[in-house]
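Asks: Residue-level listing of the chains:
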Amino acid sequence: MNIAILENDHLQTLIDVLRKRGYQVIGPTLGEGAIVYDDLNSTANLPIGWTDEQDGGIYRLKKRNDKALFGYNVGPHSWKKYLLPSELRLWKIKRNGGSFQIVTENEAARKFAFVGVRSCDIHAILIQDKVFMNGQYIDQHYTSQRKDTFIVAVNCGKAGGTCFCVSMNTGPKATFGFDLAMTEIIEGKNHYFLVETGTELGAEIFREIPHKEASEKEKCAADDVLKKTAEQMGRSMDTANIKNLFYRNYEHPRWNNVAERCLTCANCTMVCPTCFCTTVEDVTDLTGEHAERWRKLDSCFTMDFSYIHGGSIRASTKSRYRHWITHKLAAWIDQFGTSGCVGCGRCITWCPVAIDITEEVHAIRESETVIGKQKTVVKEDVHANT
Amino acid sequence: MKSIITEPMIPKPFRIHRKLKESHDTYTIELASTNGADGFPFSAGQFNMLYVFGVGEAPISISSDPSMPKMLKHTARSVGAVTKALLKLKSGDVLGVRGPFGSRWPVEEAVGNDVVIVAGGIGLAPMRPVLYSFISHRDKYGKIILLYGARTPEDLLYKRELEQWRGRFDLEVKVIVDSATGNWRGNVGVVTTLIPRIQFDPLHTLAMICGPEVMMRYTLKELQSRGIKNENIFISMERNMKCGICLCGHCQFGPKFVCKDGPVFCYDQIKELFGKREI
Amino acid sequence: MQTLEPYLAEHPFLKGLDPRHLNIIVGCASNVSFDAEQYILHEGEEAASFYIIHKGKVALEIFTSDRGPITIQTIGEGDVLGWSWLIPPYHWHYDARAIEPTSAIALDAKCLRAKCEEDHDLGYELLKRFAHVITQRLEATRLQLLDVYGVH
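Protein chains in written order, with the numbering used here: chain A, 1 to 386; chain B, 1001 to 1279; chain C, 2001 to 2152.
Quick caveat, the hints were computed from the structure, so don't treat them as lab data.
Backbone N, C-alpha and C define an ideal beta-carbon position, used for all residues, glycine too.
Zero decoy hints are in this set.
Label pairs and their calculated CB-CB ranges:
| no. | chain 1 | residue 1 | chain 2 | residue 2 | range |
| --- | --- | --- | --- | --- | --- |
| 1 | B | Thr-1181 | A | Asp-304 | 33 to 39 Å |
| 2 | C | Ile-2070 | A | Asn-134 | 56 to 62 Å |
| 3 | B | Asn-1230 | C | Arg-2020 | 38 to 44 Å |
| 4 | B | Gly-1182 | A | Lys-94 | 44 to 50 Å |
Just some of the chain B residues that point at chain C, by a computed CB distance under 7 Å:
| no. | residue |
| --- | --- |
| 5 | Val-1079 |
| 6 | Gly-1121 |
| 7 | Arg-1151 |
| 8 | Asp-1178 |
| 9 | Thr-1193 |
| 10 | Pro-1212 |
Bound-form chain A, shown alone (with noise of 0.2 Å):
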C-alpha cells in the first residue's frame, strides 16, 4: 500500500483519469436539501465548505468556515442507490405459438467510480457482496456491476451527530475494500489529501495525476484526524452477545414501548445502506403478448411483506419493528456471518420520529440487568441445549 500526497488542485485531474477511462464518476453533490449521490464531472460539483449537522430525525447543511471538500458525513442516499437500483428489469418475455420465449436484458453494465465511500459505506458494500454473491445463487447484475466498481475512499474528517462506526468496528478509517482511499486535511493554507492505494488498478490510475511522497509529518496529521474523529462519535453500541441478547428477547416489553413509537414509514429500510429486501413485479401490455419481470426495492416495513393466503405473518408495528431490528443485529449474524449494521447512522438521522437504534439495543441490555439482579442471572445462551 503506497502513500502520497494529492493537492487539492489536482482532485479534478484524478475524476477527468476516471472519465477518460470510461467511469461513470458519482460522488456526493447537494442536492433536494441534502447531501446526496449524484453525477460527479468537476470538483466543483462537490459541497465545497459545507457539513451537515444530524441527530435523530434532524439533517441540516450548514456552511462550514473553511473550503473542505468532504467535510460532511453520509446522507439519505447509500451506494446501493447504483448497486441494487430500486428498480430493475430482469427480462421481457413474449408469447410465441404456443409457448413463450424469453428476452434477456444485455445492458451492457456501466463502469461506475464512486468518490467519497465513507468506511461505513465500503462495510455495507462489502455485507451486500456477501449477500448477493456468496449464497448458492448468485445475483448476476449486481457481480457484474460491482466488479467494475471503482472505489475511491474517503475518511471522515469528523464524526457525525448518530454516528456509531467504532461501535460496530467499521471505521472510521477505511482499512480494505477500495481502489483509493483518501483523508483530506486543511493546515492554514495547506490543503492536500493523504492518499493510499488498496489495488494494483488503484495505483495504476494514481500514476496518471501528479502526486508526491508523503512525509512523516503528514501521515502524522491524518492520524490525527482520524483519532478526532473517532472521539466524536455521536452514539454507540455495546455488541457483545448481541445475537444471543435478541433471540432470548422476542417478547420484551419494549417491543410494544418502540410500536407506539413506529410510523412503519419505512424511512430507515430505505436509507440503510445493507437493507437488500426486494419484491418481484409482474407487468403485461394491453395485448397481452409481451410481460416482464421487474425487481423493485421492498421493505419489510409494509403490511403485505409477509403475506401469505389469509393474512400477514407480522401484521402489528410492533412485529415489523422487531423483525427488523432482530435482523440487523442478529439474524444477520447467522445468515452471512457479521452484523447487518455499520453504525452510518442513518436510520437514526432519517426516522421522522427518531427512532434510535442504539437506544433500542441500550434499553433491552439496561433491562436485562435489572432483572438480573431481581432473580436469578439471565442464561447467557438459553437456546444451546434444550
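Using the hints provided, position chains B and C relative to the given structure of chain A.
Replies: Relative to chain A, chains B and C alone:
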C-alpha cells in the same frame, strides 16, 4: 456450496400435459418440458416457483413421484391471483417453472424406523412424493402410518390413491374430515384426534407434519405427548416468497430462510421460534 | 359381571380407580351391541346409560330441518359416549348413531348417580375423568371451528 446457476430468475417453459380436478378449488397439473426429453429431478418436500404468463409466480409444492422425474406434478389450490390464473390454464397451455428449491423430507433418515405422517388439507400434496418413496422401498421401514384431515369429504385429495393405500396390508391410513356432508360414513373431527388411535414405537419413529400452522402446532403437542422426540419431528413451513433463491428476504423465519433452510425443518432446530407469534 | 371387570380395570378411562370403586362400576355395567345405522341414543331422551365404546364407530349428530342429520364428530374404540347423565335434567343433547357394527359397555346412569351421591369419593373420581374427556372434546371442537383448511 457455491454454484453459479445461470439466470435462476428465468422460468423454463413447461407444457401442461394433464389437469386433474381434485376438488372445487384444487387441481393437480402434470407438466412436461417443452424441449422434450428432459426429466425434472427433485427431492420430496421441494417446491417450484410456477409462473403464469404476465400474472406472476407462486411457490407450489411438487406432488409427484421423485423416481419418475418426467411426470412432474403440482397440486395447487386457488387462493390468490396467481393460483387462480394457474388453475384456469388448460391441457396444452404453457407455464414457467423455476426450481426445485428448498429442503427435503428425511426419507433416508427414516430408514429402519416407524413413520407417522400427519397431513392436513393441501398439506397432503408435498407428502405424496414421500409416500411414493416409502412404498417403493417398503421393506426399509417399519410401520408407515398416514393420518389425513380435510375440510369435508369433497375436499379430500387423491381419493383414488388414498383408497389404494388404505387397501394395502402394510400401510395404515386414517382419514378424517372437519365436517361431514351427505353420506360420509368415515371419521369426523380434527386430525389430532386420530393420534391416540395409532400404535407406534415413539423411540424409533419419525414424524412428518404438513398443513396449516395451527394444525401443525396441535399435532406437535399430541405427538410429543406420545413420546416422540423433537429431533424426530419434521414440519413444512410456509412464508411469503418472491424469489425462492434466498435473495429477496421475504421468506425469513427468524434467521432461517424458508426457501433454503426450509420448507422442511427439523422441529428441534426451530422449536424456540415456532411457538412465538408474528415471527 | 365377572367377564367385564378385567376389561374395565385396564380401560384408560377407569385406570387407577380404587378396586372398591371399580367394583361398584362393574355392578352397574352390561354388554351391549348395535348394528350399523342403529341409533344408540336420541336428543331429548332420558340419559339412562353412558357407554364405553369397545369396538366400532359412533357418529354424534345434530338434526337440522333443512340439511337433515349432520355429523359433528365421530368417536370410536376406547372413547366414552355421553356425559349428559351427569348434569340435570339428564337428557341427551345430541343423537348418536352407530356407523359400523358397534359393541360397547353400557353403564346404568341412575344406578351410578345414586352410588356417587352415597360415596362422594367415587363421584369425585368419575367427575375428574369426565372433566378430562370433556376438555379433550372441547379442544378438538374448537380446532374444528377454526376451519383451518378453509380459504380465509
